[in-house]
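Protein chains in written order, with the numbering used here: chain A, 180 to 448; chain B, 1149 to 1422; chain C, 77 to 600.
Don't read these hints as lab results, they were simulated from the structure.
Don't take every hint at face value.
[Said to hold, decoys possible] Restraint-style ranges between C-beta atoms, simulated for each label pair:
no.	chain 1	residue 1	chain 2	residue 2	range
1	A	D400	B	R1294	48 to 58 Å
2	C	V487	B	V1227	26 to 36 Å
3	A	D230	C	W493	32 to 42 Å
4	A	T250	B	R1294	14 to 24 Å
5	B	L1243	C	L582	50 to 60 Å
6	C	P323	B	T1268	56 to 66 Å
7	C	I218	B	D1296	17 to 27 Å
We put the beta carbon where it would ideally sit given N, CA and C, even for glycine.
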Amino acid sequence: MAVVATVALAAAIAGACSYFEDPDPYRPPASYTGRPTAEALALGQQLYQRDCSFCHGDDGRGTSQGPDLATGENGPALTDFMLRTGRMPIDAPVEQAQAGTSPYDSDEIDALVAYLDDAFDQPGPDIPEIDTAAGDLVEGRAAYQENCAACHATTGIGGAMIAGRDGETTGIFIPGFARTSPTEVGEAARTGPGAMPAFSPEIIDHDELDGLARYIEYLKDPDDRGGWSLGRFGPVAEGAAGLVLGVGILVLFVRWVGTTRGQRPKEEP
Amino acid sequence: MNRGRGLILAAFGASMAASIGVTVVYALGGQPQIEGVLLGVALGGIAVGLVLFGHRVLPGGHFVQARDVVPPTTQRPEVAASFEEGAEPIERRRLIATAFAGSVALLGAAAVFPIRSLGTRPGRQLDHTSWRRGLRAVTNAGRPLRVDGLDPDSVVTVFPEGHEGSADSQTLLIRLPGGITPPGPRDWTVNGVVAFSKICTHAGCPVGLYQTDTQELFCPCHQSTFSVPEGARPTFGPATRPLPQLPIGLDDDGFIIALSDYTEPVGPGFWNRP
Amino acid sequence: MISRLARWIDDRIGGSAFAESALSKVFPDHWSFMLGEIALYSFVVLVVTGVFLTFFFDPSVAETTYQGGYDPLRGETMSEAYRSVVELSFDVRAGLVMRQAHHWAAFTMIGSLVLHLLRVFFTGAFRRPREINWLVGVTLLILALANGFTGYSLPDDLLSGMGLRIMYSLVLSVPVIGTWVAFLLFGGEFPDQEIIPRLFVIHIMIVPAAIAVLIAVHLALIWHQKHTDYAGRDRRESNVVGPKLWPTYASFSLALFFAVFAVVVTMGGLVQVNPVWLYGPFRPSEVGPPSQPDWFVGWLEGALRIFPPWEIRAFGYEIPNPFYPGVLVPTVIFGGLYLWPFLEARFTGDRGPHHLLDRARDHPVRTAFGVTALSFVVLLQVAASNDLLAHGFDASVATITWIFRIVVPVVPPLLGWFTYRLMTALRASGAERFAEMPLRAVMRPAGDAEALASVGAEPAAVAGPTTDGAELTVYAAADGRWRWRYRDPADDIELDSNTSYVTEQLAAADARKAYPETPLVRNR
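My request is simple: use the sequences and hints to build the entire structure.
Structure (structure tokens):
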């Protein structure tokens, strides 16, 4: 009975860990090159009018439902990030747009990026060109620890924090990187989508950004030389494993070795 | 009994095989998972074999031993007599006994003092950091920063130039977006850039998380939240005091500098914090 | 060969009488009495693996550049301490297995210590004459916690460095002497260079020596006082029943040592713990989740997280917020643990010796207190993962924290009260097993007034079962020495004396001591 319970609990823990891991491969990287064709602009306009203008306005200046797309960090990088990660479009305004599956294919995304940049003269940065092969892994790790680890966790699993909004507090979900492409890393770092801060080239220069993307790529499957990583949740998961597996197995062992109450003392064999 | 013996021998046999196996794996270069499993079998086989042996072969728990419910105290009068007899000469010489006690006590007190050598005097060390007027704010790599090098809604950790990595001087530079009035005295900020101590006033962890849509800083250790537009006032969590603000300005080359040290101690509280 | 050696030693030291009593000593072998042994053998494994680690660990904070086998750190500057741990993990054969086994063994030691403490508490084994052993045991728990904390702080990685910063702040928060103690302990302002070498000395020398001495005292007391046992038809306050040390109990105990070693070393190879290379070297301005300490300090962390932002500041002095959850709460918990045997003796008026154990239902007040304290600590433990819970359930950290702020003070007393009702109902119902108790007895225990009246007093059903038909016999064995036997046909029990005697009178005297109320029938 106890054996069954322990095995069931271990299986439940393993299942819980896998629930938090994202099994999908990451999205295809951006292909927008900054030189849009007329067809792309036309397609982009058509998609924008159909899917986006209700919240972001015909002129892109925003409505009560959605923000202005023509100011701040808005540019090809931010648009591409929002669309490719599936954060946009959404049916109704939410506290925090979360990643999902994009309804668009890569060409449609490129078209929308081109149209927004062209039609609204967006000031934000272009899609950065990230070359992970050229990035220095060590430099990237240092940049990650200094700028990213506090929110996204040293192990890259993401986290949570609190938002105070109009006197209420809500939860902010900080994602991990299971489905993040290197280009998305660059886009997010430069534009700071949603609650995330922006990191200009003075804070993380281009070489460091390459390294950062390379390190984040590494974090998707880091060196778990010690064995089962327990979801990389850290001491909480390790403590659970130590108690359930370590102490649990040993308690079962002593139950096997020792007697139980009411068990009669064994006769001389 | 034969079946019992077979199992016991199998357990010891598995252990022996695993021990040989782990030496082979080790010689070939080692691999943590395989080493762990083989060592586990090597040790566990002995454990299982011994238990099986104990259960099936050795005599069981059918023995009884008497115990004293209360420990015997028959010798107490003799002990008391011996002690008093021996203490008698000591008790007669009060002055000597007192002097002995005094010398041991004072020696003990003197022996405690080397503990003082373990560290420096706190003094007012906790009240100051390494920031001074005119020192540039630099990143950990030593890079100074200009205001327009920081986008709105960006955050960066800085140190006084020459003290990169200094634990008590770690400071956050935050550029607030246009619509937000920077907190604190007007001449402590530059173009929407404010500077706050990164050390949480609760238990000292770096307040590393920043949320741009509400301009709140968040400490990952115990979840204290600080609202930057309100002068980094704590809005949730166990922290009770705002993060101290560093007065900043610009030098002649346009780099961000400190105008003075923090005007209050940074970090967690202590008994005589001013 | 061995007998020749034994004779040689005996000729010089004597002690064959001790050896005889040792070999034939009876140990009750209920499985719950082996929990402490798990801790004991975990300590042995810790020392064995620890010695291995000390040959590779460099307790120095001098800066160095890493040139080992882990790519993301190559060329990075770090302390010698951190470098030595990463090198041990990647470039030393069997190094990582040893390091992880060491860490897992710390978990099994503290985990089994807690279970052992719970067993001793709920069975009342701490009562006279075992109060001294209880004090020794609680001290062992505190020392084990201290060594666990210093141990995982040694690698000077980012996660444990955050923990040290918090510990520094806790020490700072102590009124009057806090700043002085912090500066003397750490050598100055945080993070002074002195702390890692000092933690090393504490971790490998001072605390293990203290633990070893106290374990010796603990075992010596158990040896001398003999172990307690649960009540049964053949058990009395005046005897102890079970296998003999040689060969049976020694065999089981040795097996347990190998089992503990096997479990922690298998986990050391298969399950990763404390991957310090991922956390990175400690830098005072860096931080990041995971932001929890090891589980055995989790209750302290949870208290720090959920405690509201209250602090006292008056007349220019302050007692800052971390003091209350971080120093006061542990003081109350451990103070309560230390004082419990004396408080219980005082409030129940029961100051007599006890060698037979209570069942949980026999002492409902104690059980209820225990459940309250245990659930309090467990809930604090869970509260330490409030950010992980928020992340996993996509909820607000604030909501989760508020839930714990309410649950932690409210639920444990409720559980305690409910436990009290359950235990009195169980006792009053007379059901032997939990499952046999009728459910309505919980709501309205039969004979409630009687059960309440007898709370705290000597439980009725523990000692002195009826001995109808039981008898003692004394007989001479084939080797001419005398032995005695206890027989209870009603329960089909037959127990032999663990040792043999020179005269019939000695055997009879011991038999009467073990079973004062059973008739002695001279046989053969």
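Each hint tested on the structure:
As the Cβ distance of D400/A to R1294/B is approximately 39 Å, the hint placing it in 48 to 58 Å is violated. Taking the beta carbon of each, V487/C and V1227/B are about 52 Å apart, not inside 26 to 36 Å as hinted. Taking the beta carbon of each, D230/A and W493/C are about 58 Å apart, not inside 32 to 42 Å as hinted. A C-beta distance of roughly 22 Å is found between T250/A and R1294/B, which places it inside the suggested range of 14 to 24 Å.
At roughly 54 Å, the beta-carbon separation of L1243/B and L582/C lies within the given 50 to 60 Å, and the hint holds. Between P323/C and T1268/B, the C-beta spacing of about 60 Å keeps the proposed range 56 to 66 Å intact. Checking the proposed 17 to 27 Å range against I218/C and D1296/B shows it is violated: the Cβ atoms sit about 56 Å from each other.
Going through the hint list in order, the structure does not satisfy hints 1, 2, 3 and 7.
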